[in-house]
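2 protein chains.
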Amino acid sequence: MPTMSSKDRLESNHHFAVEKVCPSTSARAGWLNTARGRVPTPLFMPVGSRGCVKTLMPEEVAGAGVKMVLGNTYHLYLRPGIETIKSLGGLHRFTGWHGPMLTDSGGYQVFSLASLRSVSEEGVLFRSHIDGSEHFFTPERVVQFQESLGADVIMPLDHCPPYTLERGPVREATNRTHNWAARSLRALQCREQALYGIVQGGVFPEIRRESSRVITDLGFPGYAIGGLSIGEPKVVTLSVLEETVPELPADKPRYLMGVGSPEDLLESVARGIDLFDSALPTRTARNGALFTADGRRNILNARYRTLDAPIDDECDCHTCRAFSAAYLHHLFKTRELLAYRLATIHNLRFIVRFMDALRQSIVEAEFQEFRTNFLNRYRTTDEETRLAQKQKWLSRPFKGFDGSHSSQDTGIIT
Amino acid sequence: MPTMSSKDRLESNHHFAVEKVCPSTSARAGWLNTARGRVPTPLFMPVGSRGCVKTLMPEEVAGAGVKMVLGNTYHLYLRPGIETIKSLGGLHRFTGWHGPMLTDSGGYQVFSLASLRSVSEEGVLFRSHIDGSEHFFTPERVVQFQESLGADVIMPLDHCPPYTLERGPVREATNRTHNWAARSLRALQCREQALYGIVQGGVFPEIRRESSRVITDLGFPGYAIGGLSIGEPKVVTLSVLEETVPELPADKPRYLMGVGSPEDLLESVARGIDLFDSALPTRTARNGALFTADGRRNILNARYRTLDAPIDDECDCHTCRAFSAAYLHHLFKTRELLAYRLATIHNLRFIVRFMDALRQSIVEAEFQEFRTNFLNRYRTTDEETRLAQKQKWLSRPFKGFDGSHSSQDTGIIT
Chain E
1 MPTMSSKDRL ESNHHFAVEK VCPSTSARAG WLNTARGRVP TPLFMPVGSR
51 GCVKTLMPEE VAGAGVKMVL GNTYHLYLRP GIETIKSLGG LHRFTGWHGP
101 MLTDSGGYQV FSLASLRSVS EEGVLFRSHI DGSEHFFTPE RVVQFQESLG
151 ADVIMPLDHC PPYTLERGPV REATNRTHNW AARSLRALQC REQALYGIVQ
201 GGVFPEIRRE SSRVITDLGF PGYAIGGLSI GEPKVVTLSV LEETVPELPA
251 DKPRYLMGVG SPEDLLESVA RGIDLFDSAL PTRTARNGAL FTADGRRNIL
301 NARYRTLDAP IDDECDCHTC RAFSAAYLHH LFKTRELLAY RLATIHNLRF
351 IVRFMDALRQ SIVEAEFQEF RTNFLNRYRT TDEETRLAQK QKWLSRPFKG
401 FDGSHSSQDT GIIT
Chain V
1 MPTMSSKDRL ESNHHFAVEK VCPSTSARAG WLNTARGRVP TPLFMPVGSR
51 GCVKTLMPEE VAGAGVKMVL GNTYHLYLRP GIETIKSLGG LHRFTGWHGP
101 MLTDSGGYQV FSLASLRSVS EEGVLFRSHI DGSEHFFTPE RVVQFQESLG
151 ADVIMPLDHC PPYTLERGPV REATNRTHNW AARSLRALQC REQALYGIVQ
201 GGVFPEIRRE SSRVITDLGF PGYAIGGLSI GEPKVVTLSV LEETVPELPA
251 DKPRYLMGVG SPEDLLESVA RGIDLFDSAL PTRTARNGAL FTADGRRNIL
301 NARYRTLDAP IDDECDCHTC RAFSAAYLHH LFKTRELLAY RLATIHNLRF
351 IVRFMDALRQ SIVEAEFQEF RTNFLNRYRT TDEETRLAQK QKWLSRPFKG
401 FDGSHSSQDT GIIT
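Chain order of the listed sequences is E and V.
For what it's worth, my numbering labels the leading residue of the first sequence as 1, then goes sequentially.
For what it's worth, my numbering labels the leading residue of the second sequence as 1, then goes sequentially.
Since the hints were made in silico from the structure, they are not lab data.
What you are looking at is a predicted structure, and each value in this text was computed from that prediction instead of being measured.
Warning: the hint list may mix true and false statements.
[Stated by the list, open to error] With a straight-line Cα cutoff of 27 Å, these simulated BS3-like cross-link-like pairs (lysine-lysine) come out: (1) E:Lys392 to V:Lys234; (2) E:Lys234 to E:Lys86; (3) V:Lys392 to V:Lys234; (4) V:Lys392 to E:Lys86; (5) E:Lys333 to V:Lys234; (6) E:Lys333 to V:Lys86.
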């Protein structure tokens, strides 16, 4: 953790301050000030879409070192309902997580999970993936929803089209995102919440650059890059980042939505990103894929059946301190629900330690060395496997309408 | 909790000592001495069949006040295997539960879960419910298995026939159980483990009495009553207890297998039982049925949707202290895995507090008052619903052979 001396350089009314910039990359270490405290950047936020980081209590999330979590407006709007959470004192009180929190607008979910009815300039009409009921989101309503939820950072409704090489639909969705961003700003009532702008533009550099300029001109306390990590090749993701980040103001936080593997976090930080969220570390955990400095380990592999040692002997998480790989292997084999929790605790702790070390290396002007050392050792999931996994996840069936019980619903696999 | 002064009256080499007997019922308060410490009786043991009290870490089990847990030889033999656990230092080290532990022999599971091939005097040939593989259990092997697992109290292989009004099969199974008990005693090598005898005899008083005499004559440090709570009417269960308990020695612990609802625990204690195990509190928790002093509450009931208060405002468990009924309702509605854990913590804590209060009432010679007060307030599940639930559970389909993933496997519902 950086020393407190850096605090002196922050003005308390600033939402964000850069502490140190890497001399040879765009990586930077900073601080984000929220109504519920200050958090260091680069920062990874685990996903608690439905008001719960899957399998964990809030104190376990904090115990893993997590400093900020994400909730999702689309999921919470459908269940338990925005008014219900508001009447129960807001999302912090409802969930028991009292640290900084960001809520996503639900734009991505409306366009990827829901059964879409129609998109117009006014807003988007969709059917719930749970019961098929019809709902209408507008930029104004989505801001109101998030004011009721009470997160510290909130996001405007955006139009995120699926990955495509067709320019037309991306152009249209980006223009709509811009109009909706302006309306979101005008709708904003609460001044304690930071509303970020979202840049869209698919894989087209010129649309990304234009979107960056339009959104930046509107003036937000932070900028998100949406519409990436949705199935495009990784080299494209990074190239779009390289085109987009220089267009964003240096004194505002940059948030890359939906990125969460160690290697992607590292390469995105090198390109100037400060904030991240992704379900990847927790979702892969529930699939039995556990992070180590050498790469992901599949706990169901037979070599762990009798291993009387932690899955990762460099880790200080509760799972690694208290349980052997053999026990974890057994819990996964027998599908004990405890398995998914123990794995989640480990993966979150790994990512937190990784981000802490990465930030420290920036502060100490050793980022490039950290990056090289990490990548030399960490064996990444190959591109083909990665895209296949992503595609499998994106095309997963939703069995919501009849309310049937499935592993989908329990979230074990997805 | 009883005061330490009662400790003076115990001799350390005694497995069991009675501290106080109720003047008007057969209820008694006592102490069980095991290699891993002394536990008060009457005592309820939650079930951790596969080396894990479902959804919980060992410290959460202990945190709920649980003093002794149960593991199952059948399940652990199939996965991860007895030799695997032995090579990993025994069941305590493998699971991280370092308090007193009892292992069931697996007799009940072989006769209820497995696909039975044949039973002979020598032993029982069965097919695994997981992969259909064939296995042979003998009384001697089952003792050896449990010596390898290393629990503090172990059980002999018994023949537990399904609930029937036919005398023939029960007579035969009981005789076999007697022979197997004698062979188990002869096979015993480890003197730090207490091997209990098991009384069978179905719903037939004279077979129960005879079984009690035969098993008692063999001489065990404790006696279990098996083959009850397997679908017979509750009035029959209690009547069989009344016939059986007086035949068992007063200075040895009496263990009623498979009983775990508050009202059944209470009535069995009144009839002289000291030890219990059952999956009921944890299984009902995963089904959303939560114990309160007024009876079970169904968390999915709409009245909990907006209740900004604990599900049980008399409870000191972590779930009731940290989370509202509304949040728990939401987690169950959305099938978040955290739901099953929060409910399990509550139900275990309820049963522990219930048993502690019950014991205290015996020590203070107020058991009858406690019993009357509890039963006046607690609304029990009616007999019809209870038997229907039990039948549903006993006849649940096992989808093991193809290794398919189902809610059955995850143990959420069952």
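Comparing the hints with the structure gives:
1. E:Lys392 to V:Lys234: violated (50 Å)
2. E:Lys234 to E:Lys86: Status violated; Cα separation ~39 Å.
3. V:Lys392 to V:Lys234: holds (17 Å)
4. V:Lys392 to E:Lys86: With a Cα-Cα distance of about 40 Å, the restraint between V:Lys392 and E:Lys86 is violated, given a limit of 27 Å.
5. E:Lys333 to V:Lys234: violated (37 Å)
6. E:Lys333 to V:Lys86: Roughly 18 Å separates the two Cα atoms, so the pair holds.
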